[in-house]
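These protein sequence lines map, in sequence, to chains X and G.
Each residue of the first sequence is one higher than the one before, starting from 1 at the first, in UniProt numbering.
Each residue of the second sequence is one higher than the one before, starting from 1 at the first, in UniProt numbering.
Just so you know, not all the hints are guaranteed correct.
[Unchecked claim] With a cut-off of at most 20 Å between alpha-carbon atoms, the simulated DMTMM-like pairs for lysine to aspartate or glutamate come out as follows: (1) G:K106 - X:E10; (2) G:K65 - X:E136; (3) G:K141 - X:E67; (4) G:K141 - X:D66; (5) G:K58 - X:E136; (6) G:K170 - G:E218; (7) X:K109 - G:E132; (8) X:K84 - X:E10; (9) X:K181 - X:E234; (10) G:K18 - G:D162; (11) X:K187 - X:D55; (12) G:K65 - X:D133; (13) X:K106 - G:D146; (14) X:K109 - G:D146; (15) X:K109 - G:E245; (16) X:K109 - G:D74; (17) G:K65 - X:D89; (18) G:K141 - X:D133; (19) G:K18 - G:D160; (20) G:K65 - X:D92; (21) G:K58 - X:D66; (22) X:K106 - G:E218; (23) G:K58 - G:E132; (24) X:K240 - X:E179.
[Unchecked claim] Covered stretches of chain X, going by a simulated chain G footprint (3 or more residues, C-beta under 8 Å): (25) 13-22; (26) 66-77; (27) 145-159.
It should be emphasised that the hints constitute simulated quantities derived from the structure, not laboratory data.
By construction, the Cβ of each residue, glycine as well, lies at the ideal position given by its N, Cα and C atoms.
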Amino acid sequence: MKRARILFNEETLNVTINNDGKVVTEKGTVLEEGSFTWLPPCEGKAFVLAINYADHAAELSFKAPDEPLVFLKSSNTLIGHNQKTYQPDNIDFMHYECELVVVIGKEAKNVSLESAMDYVGGYTVGNDYAIRDYLENYYRPNLRVKSRDTCTPIGPYIIDAAEIPDPHNLAIRTYINGELKQEGSTKDLIFNVPYLVSYLSNIMTLTPGDMIFTGTPEGLAHVYPGDEVIVEVEGVGRLKNTIISETDYLNSL
Amino acid sequence: MLHYKTRKNDQVINLQAKAPFEVALEGGLLPAVNGAVIGVALNDKILYQSLETQFNEKPHVSPPKTPVLHIKTDNTHIGYGDAIRIPSDMGAVFAGPSLGIVMGKKACRVTEETALDYVQGYTIVNEVSLAETSFYRPAVKAKCRDTFCPIGPWVMDATDLDSPQNLAIKTYINDTLCHETNTNQMVHSIEQVIAYISSFITLEVGDMIIAGTPLRTENLEINTGDVVMVEIEKVGRLVNPVVAE
Numbered sequence: 001m002k003r004a005r006i007l008f009n010e011e012t013l014n015v016t017i018n019n020d021g022k023v024v025t026e027k028g029t030v031l032e033e034g035s036f037t038w039l040p041p042c043e044g045k046a047f048v049l050a051i052n053y054a055d056h057a058a059e060l061s062f063k064a065p066d067e068p069l070v071f072l073k074s075s076n077t078l079i080g081h082n083q084k085t086y087q088p089d090n091i092d093f094m095h096y097e098c099e100l101v102v103v104i105g106k107e108a109k110n111v112s113l114e115s116a117m118d119y120v121g122g123y124t125v126g127n128d129y130a131i132r133d134y135l136e137n138y139y140r141p142n143l144r145v146k147s148r149d150t151c152t153p154i155g156p157y158i159i160d161a162a163e164i165p166d167p168h169n170l171a172i173r174t175y176i177n178g179e180l181k182q183e184g185s186t187k188d189l190i191f192n193v194p195y196l197v198s199y200l201s202n203i204m205t206l207t208p209g210d211m212i213f214t215g216t217p218e219g220l221a222h223v224y225p226g227d228e229v230i231v232e233v234e235g236v237g238r239l240k241n242t243i244i245s246e247t248d249y250l251n252s253l
Numbered sequence: 001m002l003h004y005k006t007r008k009n010d011q012v013i014n015l016q017a018k019a020p021f022e023v024a025l026e027g028g029l030l031p032a033v034n035g036a037v038i039g040v041a042l043n044d045k046i047l048y049q050s051l052e053t054q055f056n057e058k059p060h061v062s063p064p065k066t067p068v069l070h071i072k073t074d075n076t077h078i079g080y081g082d083a084i085r086i087p088s089d090m091g092a093v094f095a096g097p098s099l100g101i102v103m104g105k106k107a108c109r110v111t112e113e114t115a116l117d118y119v120q121g122y123t124i125v126n127e128v129s130l131a132e133t134s135f136y137r138p139a140v141k142a143k144c145r146d147t148f149c150p151i152g153p154w155v156m157d158a159t160d161l162d163s164p165q166n167l168a169i170k171t172y173i174n175d176t177l178c179h180e181t182n183t184n185q186m187v188h189s190i191e192q193v194i195a196y197i198s199s200f201i202t203l204e205v206g207d208m209i210i211a212g213t214p215l216r217t218e219n220l221e222i223n224t225g226d227v228v229m230v231e232i233e234k235v236g237r238l239v240n241p242v243v244a245e
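With the rest of the complex left out, here is chain X (with noise of 0.2 Å):
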């Protein structure tokens, strides 16, 4: 099953997509593409995990941390499939990083690694957009850089944890203007997903609609405004969304 969050005539809408990819509603409508506006697919605390794979803490000239390195973001910043993210003026370093997100099912508190994946609803896939021009060595990486308005796409959809069997072998791809620029595989990540999932109910109580960002791969690239950044993991979704700039961004509020 893959279900997802709309809106609908001003309305939000708990949706489900069928086998052709079409939006269908509790009512059983289906919906054509462009008559509604994706929204983030859940709703809770949002970890982000930093330099999770080995080739990206060596892009970034960092040693693999010695444990899970987890930083927040603000809902804020959450947009949905097909949405617009503004880039700051005057700014050199936008990167996307594409990453597989791990929804949380149910509640979990103080999980045992072997139990872990029980607590695991399903999956998406976020676009962890980062402004580097912003980082500070405080609380790095800074909301600032992390935490901004419209700079983290999420979805389209929440695929079910059944229909993966095996996250840690999944294809991750970013393409900018359909241009293949990110490559990688969930298989290598440092702190896998029960681990993850157990370290983080160890500090604090999980709870449904949580969503664990589980870091990216090498193979960062600077975008632009006009820029159609699509990034997607194996067997999980295809996320699209649109750089534009800070005044196009100020005109549209």
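We have chain X already, so just place chain G on it with the hints.
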């Protein structure tokens, strides 16, 4: 006016009172706000001065250029009278007395000059934390444990408070006054903090900013069996017992 929340038959009920004595504090109050909670770290002058040498050393290298923000996730939020649950094997745990700034209007890119127009009111926060040895990496482990952010008992309307930037904050542990500070100790003012955050985060109605917590000395250490009370002049008192997790 004071605004507070309670629960009846699994429904959240929003209530109002004109004066503190009208509020039944033993009635199981919920956190006074239910939006996103963003904290401003290193926003106390004494704390900041104590770290100035460290700021110029690795891994920080240079002092912060902008206010340092963190997120208190919703699992941390508890109401007046709820127990702060502390782990036994993670070292010392500290109270973090602070003013809470509650947004009353959606704030996107507001200026310092107009920032206060977006504030609904103020509340009391105890931003509980484990010790932090460095400010280099996000403090999820230290700050986001369940129950680590009592908020309440109410939100006091900004119109009822003349000078939010000059309020005494006192922390009592087991009825003993153990720490005093004042909102005039903020490095970045209330207006500056709102303007900065709203320059890239749209603050929604009900979102809250933890204005700034002081240097966590042993005076602020809390232990199982304690009762901790944060009092902010004119706003009220937030009381929570401390129990073992």
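Checklist entry - Broken hints, numbered, in rising order? => result Hints 7, 18, 22, 25 contradicted; others consistent.
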